[in-house]
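Residue numbers (the UniProt record's numbering), protein chains in the order written: chain R, 1 to 224; chain V, 1 to 224.
Quick caveat, the hints were computed from the structure, so don't treat them as lab data.
If you're wondering where the values come from, they're calculated on a predicted model, not measured in any experiment.
Careful: at least some of the hints might be erroneous.
If several chains are the same, the list does not tell them apart, and a pair holds so long as it fits within one copy or across any two.
Claimed, not checked - Below, simulated DMTMM-like cross-link-like pairs (lysine to aspartate or glutamate); rule was C-alpha separation at most 25 angstroms, straight line: (1) K134 <-> D90; (2) K132 <-> E108; (3) K156 <-> E204; (4) K107 <-> D120; (5) K134 <-> E121.
Residue strings, one per chain:
2 protein chains.
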Amino acid sequence: MKTLIILSHPDVAGSTTQQFLMAATQTLENVTLHHLEKHYPTGKIDRVYEQALLAEHDRIIFQFPLYWYSSPSLLKEWQDVVLDEKKITDWQGKEFGIVVIAGVAKKEYQAGGREIFTMDELMRPYQAIANKFKWQYLPIFGIYQFAYMTETCKQKLLIRYQQYLMLGNSQTLAERTAWFQNQLISISLSKEASLHDKIDLIKEQLQTNQEELEMLRFTLDELE
Amino acid sequence: MKTLIILSHPDVAGSTTQQFLMAATQTLENVTLHHLEKHYPTGKIDRVYEQALLAEHDRIIFQFPLYWYSSPSLLKEWQDVVLDEKKITDWQGKEFGIVVIAGVAKKEYQAGGREIFTMDELMRPYQAIANKFKWQYLPIFGIYQFAYMTETCKQKLLIRYQQYLMLGNSQTLAERTAWFQNQLISISLSKEASLHDKIDLIKEQLQTNQEELEMLRFTLDELE
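For reference, chain R alone in the conformation it holds in the complex:
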């Protein structure tokens, strides 16, 4: 599976979140990071080039900071120029995901919260695009208040982000474990992660596995 990240951010250099996410994709195979503002400094989108890029990939990810409850304007321009209803057949069978970075806490995105709507609700225009092209809409990958996260939280986020880019939408426990083992090998080879972080990550993964096993046992009990 080939993943295309269409990144829209007018100031990637000044964003620690984007720097972190971009570093996380560098080592990944079959993941293309396409930064619109860098590729098109004048703002003029090349329709033919973009349509070819889209056709080549199986999973399309829009990645952006939340600007007025949507993407920065260049990603909207990309949509207006590149997306074409006549291509529904050519582009069928794709998956479509959103990685959205918000400066406000997640709890504010709900009825009664300061932002009154959930992120799912605010992203309806993208879900409608997925519906139009019959693409599988992936659960939104929201990153809230990255600046306040602990190092361990950031490392966990990195794993989840890489899984979002690379793994099947409804992956099995076995798939996730195999993927994680592969990732552990690469982490061991890198000097970025301290031993402490690695232990935390392994513990976390083991705990998730444990919970999943307990759930399976419960289901089996119910069936008996």
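With chain R held as given, fit chain V onto it using these hints.
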């Protein structure tokens, strides 16, 4: 009350709907029509100018054709450049409406329809902006399949559109009747509307008044 229409459309000359709506605003007092693509052919928005324009008006209307379930990109750029949370106090007490033109039938914008979401749902990002600035969010003014409308339908649409721009959100019957009488005078002076159209409009308005009076009578009966 002063109304500002912020119109975003890359090809107004080629749009019969926009030509129709623009003609409808020409005779209106206290309505400013501001066409972004015309004002900014290079796409570079003047923040200071736009913020001053916004501050001067009481009712802000975003008017645009639906492009991928949102506005064309220049209106998004306008939002990114002009809107500023720090101005909440300066900009308080405004009303905020959306005039959205769709080529697809209204019945498709619902669960089970081809577009799966209502226009209210698709416009959540704008509603969230109104919420952020504590502006009163007006019911969306949707125009669906304008090209297929009869002349009478178009004339009725014109009246409703002018009322959307100029009248209070929850205007009384007396207010609407007074406004309509004034409008009839201007219509009589113009050569555009045929006598037949005028009679239709008057009949329509009388019928609305009749229904409202019957409702009031019913309410009075209930109270007795």
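Checking each numbered hint in turn, tell me which of them this model violates, lowest number first. none
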